[in-house]
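Asks: Two chains, two frames, some hints: make the complex.
Chains as they are written, first to last, in the numbering used here: chain A, 115 to 408; chain B, 279 to 502.
A couple of the hints might just be wrong.
Here are the simulated DSSO-like pairs of lysine-lysine, each with C-alpha atoms no more than 27 Å apart in a straight line [what the hints assert, rightly or not]:
#, chain 1, residue 1, chain 2, residue 2
1, A, Lys261, A, Lys247
2, A, Lys247, A, Lys274
3, B, Lys348, B, Lys305
4, A, Lys205, A, Lys261
5, B, Lys456, B, Lys412
6, A, Lys404, B, Lys292
7, B, Lys412, B, Lys397
8, A, Lys306, B, Lys367
9, B, Lys397, B, Lys410
10, B, Lys324, B, Lys292
11, B, Lys367, B, Lys410
12, A, Lys404, B, Lys324
13, B, Lys324, B, Lys334
14, A, Lys260, A, Lys185
15, A, Lys404, B, Lys348
16, A, Lys404, B, Lys334
17, A, Lys202, A, Lys247
18, B, Lys367, A, Lys404
Just so you know, these hints were derived from the structure itself, not from any lab. Being a predicted model, the structure only gives us computed values, none of them experimental.
Given next are the chains, with one letter for each unit.
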Amino acid sequence: MVFENTGFYFREALLSFRRSTLMSIAAILSATTILLIVGVFLLISINLNLFLENLESQLEIVVYLEDNISKAELSTLSNNFNSIDGIKEVKFVSKEEAYQRLSKDLGEQKDILSAIETNPLPASFEVQIKDPKVIEQIANQITEFKKVEEVEYGREIAEKLLNFTYIFRSAGILVLALLVFASILIISNIIKITVYTRRNEIEIMSLVGATSWFVKWPFIIEGFLQGFISSLLSTVILYYFYFFAITKVHQAIPFLPLVVDNVDLLPVGIIIVLLGSLVGILGSMFSVGKYLNV
Amino acid sequence: MIRMFHVYKNYPHKIQALRDINIHIKKGEFVFLIGPTGAGKSTFLKLIYRGIVPTKGQVIVDGINIARLKPGYIPYLRRNIGIVFQDFKLLYDRTVYENISFGLKAIGATNYEIRQQVKKVLNLVGLEHKRKTKPHLLSGGEQQKLCIARAIANEPLILLTDEPTGNLDPYNSWEIMKLLFHINIRGTTVVMASHDKLMVDKAKKRVLRVERGRIIEDTQRGIY
Chain A
115 MVFENTGFYF REALLSFRRS TLMSIAAILS ATTILLIVGV FLLISINLNL
165 FLENLESQLE IVVYLEDNIS KAELSTLSNN FNSIDGIKEV KFVSKEEAYQ
215 RLSKDLGEQK DILSAIETNP LPASFEVQIK DPKVIEQIAN QITEFKKVEE
265 VEYGREIAEK LLNFTYIFRS AGILVLALLV FASILIISNI IKITVYTRRN
315 EIEIMSLVGA TSWFVKWPFI IEGFLQGFIS SLLSTVILYY FYFFAITKVH
365 QAIPFLPLVV DNVDLLPVGI IIVLLGSLVG ILGSMFSVGK YLNV
Chain B
279 MIRMFHVYKN YPHKIQALRD INIHIKKGEF VFLIGPTGAG KSTFLKLIYR
329 GIVPTKGQVI VDGINIARLK PGYIPYLRRN IGIVFQDFKL LYDRTVYENI
379 SFGLKAIGAT NYEIRQQVKK VLNLVGLEHK RKTKPHLLSG GEQQKLCIAR
429 AIANEPLILL TDEPTGNLDP YNSWEIMKLL FHINIRGTTV VMASHDKLMV
479 DKAKKRVLRV ERGRIIEDTQ RGIY
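Just chain B, with the same shape it has in the complex (with noise of 0.2 Å):
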């Protein structure tokens, strides 16, 4: 589903955030990054979406090579991939549903398949009696089940995750990973990038430990 060769990602002022990166994720799996701040776990994401575009290498997602991709065609690659922000990233004059379904609406679902879609998701993240509330009223946890639902809305191939724990108390940051685990039961591939010892640890999933733009460790079932 996901695979990297030999990939470098420089920024201005000599700043190399990736290096030599080489991976291969499966469809289906469900993928732990871990490491530092600034260690390269949001490059890496970013290269997936095609956020950036690697400086040296390979990055093909879903047999598609990311680094030749006209920008034409950038949002349908996207529409294949949910995206889950640590700052939820959310449209606060505008309600749950709303916030789910201007999504499905820019992919160009009809009316119809967006009722059924928003109404599927939301039971999925049990939002469904929250549908009229604006986000600001929503708890952290229940912000980030909304990103949650937004990005599978599409059912999408592959979901990203950067740091989805990183503001919540350990009780809704189970909660948000048996979401996660749910989801990608379903088929979807998950990557997510966290901080989150207690929940790496519990999780017993594959884990890449990347240190200064280096992936140092690549263990299946492994710990923090």
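Next comes chain A alone, as it looks inside the complex (with noise of 0.2 Å):
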């Protein structure tokens, strides 16, 4: 039966569309609008957590060496690191290099060193980790190494920062779900209102004899045409509005890092595309179903 009235179906859908036009387009403004701030909330969400996943990134261990340390010792201390697990690089710092480092960032004040005849600076290893969250860990790890002086990674900084980011993910999901819930009601009750405009084809079709999915497809196929034709047009309008939000953003803090890459910004089309369709076709069906029990 459905496939049988494939055609019959997308042809009502289609009428229906073109006798109803100013409502037709009223729905879909209407319902793009919803998806639009539902888009830039989650492009705003993307640009937060690579910012985030970038300060995390920054989080590593600095191991400081005794000054005493062989060099059979220091490759011994260099395998070590291997062993452990979720370590992603390891970068030796000499003293020499330390030295030179700190003369660096010392700029016009490095006559300060002139002071002092040795280079009292450590040698050390800079751990860089995949998970920010075993920081910890992995530090007491070291620590236990022979030759190893100290080890530091911030601590509180870390735990602030692991903090922060925990909250603002769990908010995000909120917000989200909370946006989410009330494009659907939106999106849902004006496609009720379009139905509810046919309420008399609905009953007569029912009291002809048709059945309850033959009255639904037509609506369903309209609901989901405006829902798809709402999120595509919405995700074209964010597409450029966003390229051109970060052209200016960059330009304004030339550091800030930010999603530039089609294929990291294709989710939130795919989200977009697949709320509006999903929401139009399951909006129709329950809103038929309710003028159907005549």
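Replies: Structure below.
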């Protein structure tokens, strides 16, 4: 039955679009606006997420070594790092390199260093880790190694950052859920109005003996088309708006990390299209159901 | 064709629309349902096409107990019942032809069957020349004829009409009556709720008089 009448259902859906053009346009524009809001929020979220990931990736463990470390001990230590899970990269900083970095950091005040006869700075390893949540655990493991004088990883900052990102991500999910819920309510209400204007048709179909699916299909297709067109429209608007906006942001704050890759932006488009289409389909299905019980 | 056994229908706020209705309408009969407004005539018709279910009692239509009918089977019951409403219930954004073909498509008729059937019923009601006209350009009588054409397009066993002449002048009313008699002669059972004394008296058919939810009179060849 479904496939037999597919052509009829599509014709009916398109006819309805044509018969109530203004109503359909109003519905599409309203849904587009709601989806735009969801989209803007999603774009802000993915960029903030990138920013937080960036901050997290800057968390590292600095392992200061004893001055009397031999070359053999150094290579054993280096091998030991490889045996720990969760370490991304290990970089050795010799005493000389540390001295040069300090003098560079001091800039014009580097003359202070000339007051010191020997190089007081220890050699160190800079350890980058994959998951910032296990930073404390790894730091503790490293402390156990021989010839390690001190391990530093900015414990308080790390904890604060991790707490902040956790709260921020949870709040983001909550706000997103609320926005999605609101958009479902609003879009399905818009569809309810379009269905309401055609309740006579639904009643008549039902009275002449049409099955409920026969009545529902054209509305489902129409709802899907409205949702789909709205989501496409909002995706296109978002796309152009986004690249315009990030160019401006980039000019103002050049070092801010921003999502610019189309592949990374694709999920936002997919979410919006799925949301628009699904709500269109389900909204019309339930609204028609209400007028079918005659 | 239609049987009711001790049927009661109550609406919210303790409104008793029908009380202890026992009736048997045979296949091919023509029955008038008369009585004042609010007597329960429309409720009676709604029970037959399962627009509502009885509060108590049994309604059997063509061997089917409508109270026990699962919602999924209601459309199939209605395919055997044509309904004509006083307020027409036409689709005003579709042509005469489309108003009829729409219903036939809904019950799964092929395009060929639809063309044949629409032509046939439009000829029968005399609207063949207006097949491309939109209903709002038709007169009241013509709109009612279109309703009848739609109701009989799938050749139902039963035709229910709710005050079909209610809004028409005597001439057009009689035209509609003749059409209904014609349909009845071809074997369709017709139940017509009516206020139209003139038509009822002229027709000399079975009359069920309903008052305050009860059938108080059932006469063959009755008058209003």
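Asks: A separate judgement is required for each hint: does it hold in the structure or not?
Replies: Cross-check of the supplied hints:
no. : hint                   : verdict
1   : A/Lys261 with A/Lys247 : holds (26 Å)
2   : A/Lys247 with A/Lys274 : holds (12 Å)
3   : B/Lys348 with B/Lys305 : holds (24 Å)
4   : A/Lys205 with A/Lys261 : holds (17 Å)
5   : B/Lys456 with B/Lys412 : holds (24 Å)
6   : A/Lys404 with B/Lys292 : holds (25 Å)
7   : B/Lys412 with B/Lys397 : holds (16 Å)
8   : A/Lys306 with B/Lys367 : holds (21 Å)
9   : B/Lys397 with B/Lys410 : holds (12 Å)
10  : B/Lys324 with B/Lys292 : holds (19 Å)
11  : B/Lys367 with B/Lys410 : holds (18 Å)
12  : A/Lys404 with B/Lys324 : holds (19 Å)
13  : B/Lys324 with B/Lys334 : holds (15 Å)
14  : A/Lys260 with A/Lys185 : holds (13 Å)
15  : A/Lys404 with B/Lys348 : holds (17 Å)
16  : A/Lys404 with B/Lys334 : holds (26 Å)
17  : A/Lys202 with A/Lys247 : holds (14 Å)
18  : B/Lys367 with A/Lys404 : holds (19 Å)
No hint from the list above goes unmet by this structure.
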